[in-house]
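Student: Line by line, the protein sequences give chains A and B.
Each residue of the first sequence is one higher than the one before, counting from 1 in the working numbering.
Each residue of the second sequence is one higher than the one before, counting from 1 in the working numbering.
No lab work stands behind these hints, which were simulated from the structure alone.
Positions of the beta carbon are idealized from the N, C-alpha and C atoms, including for glycine.
Hints may be right or wrong, so weigh each one.
Stated by the list, open to error - Ranges of calculated distance between the beta carbons of each label pair, as one might list FRET restraints: (1) R270/A with S60/B: 28 to 34 Å; (2) L74/B with K265/A: 34 to 40 Å; (3) Y282/A with E142/B: 33 to 39 Å; (4) T335/B with E153/A: 55 to 61 Å; (5) S120/B with L284/A: 46 to 52 Å; (6) E79/B with R124/A: 40 to 46 Å; (7) R124/A with T335/B: 53 to 59 Å; (8) N114/A with N182/B: 56 to 62 Å; (9) L284/A with K320/B: 57 to 63 Å.
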Amino acid sequence: MKKPPLLSVNQLKTHFYLDKNRVAKAVDGVSFTVSPGETVAIVGESGSGKSITALSIMQLIEKPGKVVEGSIHLHDKEISNLPSKQMTKLRGNEIAMIFQEPMTALNPVFTIGNQIVEMLRKHRKMEKKQAKIEAINLLKTVGISRAEEVVNEYPHQLSGGMRQRAMIAMAISCNPKLLIADEPTTALDVTIQAQILDLMVEMKEKFNMALLLITHDLGVVSEYADRIIVMYGGQVVEEAKAKELLRTTEHPYTKGLLESLPNLKEDVDRLGTIKGTVPPAYDLPSGCRFYDRCPFAMEKCKQTNPPLYQINDNHTVRCYLHEKEDIK
Amino acid sequence: MTRLVQKKAKENTLLDVHHIKKYFPIKGGILKRTVAHLKAVDDISFSVYKGETLGIVGESGSGKSTLGRVILRLLDPTEGEIYFNGDEISKLKQRQVRPYRRDMQMVFQDPFGSLNSKMSVAELIEEPLLVQTNLSKKDRKEKAVAIMEHVGLRAGDRLKYPHEFSGGQRQRISIARALIINPQLVICDEPVSALDVSIQAQVLNLMKDLQDELSLTYIFIAHDLSVVKHISDRIAVMYLGRIVEIAPKKALYENALHPYTQGLLASIPIIDIEDNKQEREKIRITGDLPSPVNPPTGCPFRTRCPLVHDRCSVERPELKRPENDEHLVACHLYT
């Protein structure tokens with residue numbers, strides 16, 4: 001029996017009204033689910049809409065952007081239209097988010113301790129003293145050995161890896177059901193990245209969270225995700241179980257991405273490339289959004305954007321090449 | 001590169017770096033006296049042979065970018081010698097260095113910050129000719145158009161400004177600008193790390209093609225080991241201002257000797273389509289990079305090394321050859 005999803009996003013559209021004539025369709029009809037305890041990765045290049053999807057879930061879209069359509073359910077509750085007060089309660093308690101650059105997400109004028117204590121007092125209604133003890137415990141949980149000192153230090157006194165650990169401590173402080181991580185290790189060195197990713201997996205298991213990992217790095221995804229969603233031009237173009245997607249890649253874009261990665265095991269003289277660049281979100285082609293760059297483009301692809309075809313129980317792909325395999 | 005080619009290459013040394021140090025003074029107190037030094041590059045020696053690509057990898061703070069800038073004399077070395085085609089250039093005045101800059105060019109990481117936004121593409125690409133040659137306006141234009149087409153830019157875009165181009169196109173402009181005066185050595189400082197993977201592949205392929213066509217020598221500085229492996233013939237691994245291991249790429253990736261190199265390689269997430277997620281043995285480097293102002297005594301890596309022993313804190317390991325002529329490592333495990 002399949003568990004009911006924890007998060008389910010349905011036909012989400014987030015558009016940015018740039019000026020009178022231009023609307024950037026950053027997220028344009030995205031649907032997916034995250035089950036309890038699952039790690040789902042959204043992969044895409046810059047401009048694919050992956051971060052905007054995450055921010056839309058958290059209701060953190062600012063003008064001129066707007067969620068124009070779609071629903072977001074957490075358990076069975078619709079959260080896309082929650083008033084801001086209730087949403088504030090939900091953020092942190094139910095869903096927490098960590099960002100790429102912890103230096104911009106942390107407040108530079110307050111100590112790390114202050115910022116965690118604030119969370120605990122607000123969301124868990126703790127006493128000040130008790131909250132500080134808990135803050136130190138949390139910092140220890142995320143592997144900061146000098147927790148008693150770090151709690152009184154300011155963000156700039158910590159290294160990038162330590163800052164991201166502190167962010168994770170804040171994120172798990174209210175025991176959320178879902179942790180959204182937007183490029184959590186992109187700003188970090190590779191040895192530190194490995195430490196932080198291992199920590200996230202450890203925390204996920206310890207606190208029984210689901211993880212929505214947003215990244216451009218297919219290597220990270222293949223090691224940590226259960227399921228992969230590939231986004232391009234504001235839409236999902238392929239989705240499957242992680243191993244299946246990497247083994248039997250179907251969408252020409254996903255194939256292109258994988259071929260363009262330098263490989264540590266084999267030596268190749270030339271890397272595979274995808275010609276051209278990502279189309280801007282305010283000027284998307286009317287047909288398939290990958291049409292201009294696709295080596296298999298057909299006349300049909302120019303005319304209309306293909307729907308997502310279900311090619312087996314857990315693999316969908318948005319490409320006319322797989323029209324006949326649709327089992328729906 | 002085969003061994004024979006490499007032997008030959010040794011006779012064709014283009015760049016020789018001897019015991020280079022770059023210390024940045026840290027000023028303190030009311031009198032702004034020097035209270036300490038940040039040892040960004042701490043006693044580094046290596047050679048670069050004509051036509052090869054030497055990759056330099058390291059994490060942030062390892063001193064790899066400073067090293068690149070010192071070689072180009074954008075920064076003055078604190079100590080040491082730099083021989084370019086046999087000429088010692090480390091002590092020359094800036095005016096005297098200028099002729100050598102014709103042969104040594106640099107491509108920077110950030111194609112947004114390194115191109116003057118008020119100059120058109122034509123002006124940007126022709127600028128090195130203006131500084132270094134006496135070519136006429138017509139000749140400059142001709143050369144610029146040729147190089148633009150060579151790196152995959154449309155000559156029709158000559159009069160556009162950098163902001164009208166994507167990141168990948170902008171990096172092509174930087175490359176055109178570096179190559180227009182036919183340099184011998186190009187130092188590339190993280191040239192693809194700001195780009196998306198599909199664009200990164202385009203630029204890496206272009207750089208390889210240009211190297212073959214124009215017989216260029218590259219020093220390729222990056223933090224991404226898989227990118228460095230793809231483009232390099234030999235690789236030097238830096239840690240806290242020192243080279244800890246240097247070897248031909250095959251030897252380095254198949255038989256890494258230094259514990260830091262081993263840990264670095266194990267940290268890279270690899271696309272693994274088999275179901276053995278748990279089985280792959282992980283060597284994790286713990287902790288953070290120590291401060292280069294106050295580096296550990298003895299071996300710089302000893303505070304994070306899983307194989308540390310007594311000798312490491314007392315004696316600094318030198319780069320030596322436990323394997324063969326081409327594979328050098330600075331670690332007491334091999335002496």
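Student: Identify every previously stated hint that the structure contradicts and give their numbers, smallest first.
Tutor: Of the numbered hints, 4, 5 and 6 do not hold.
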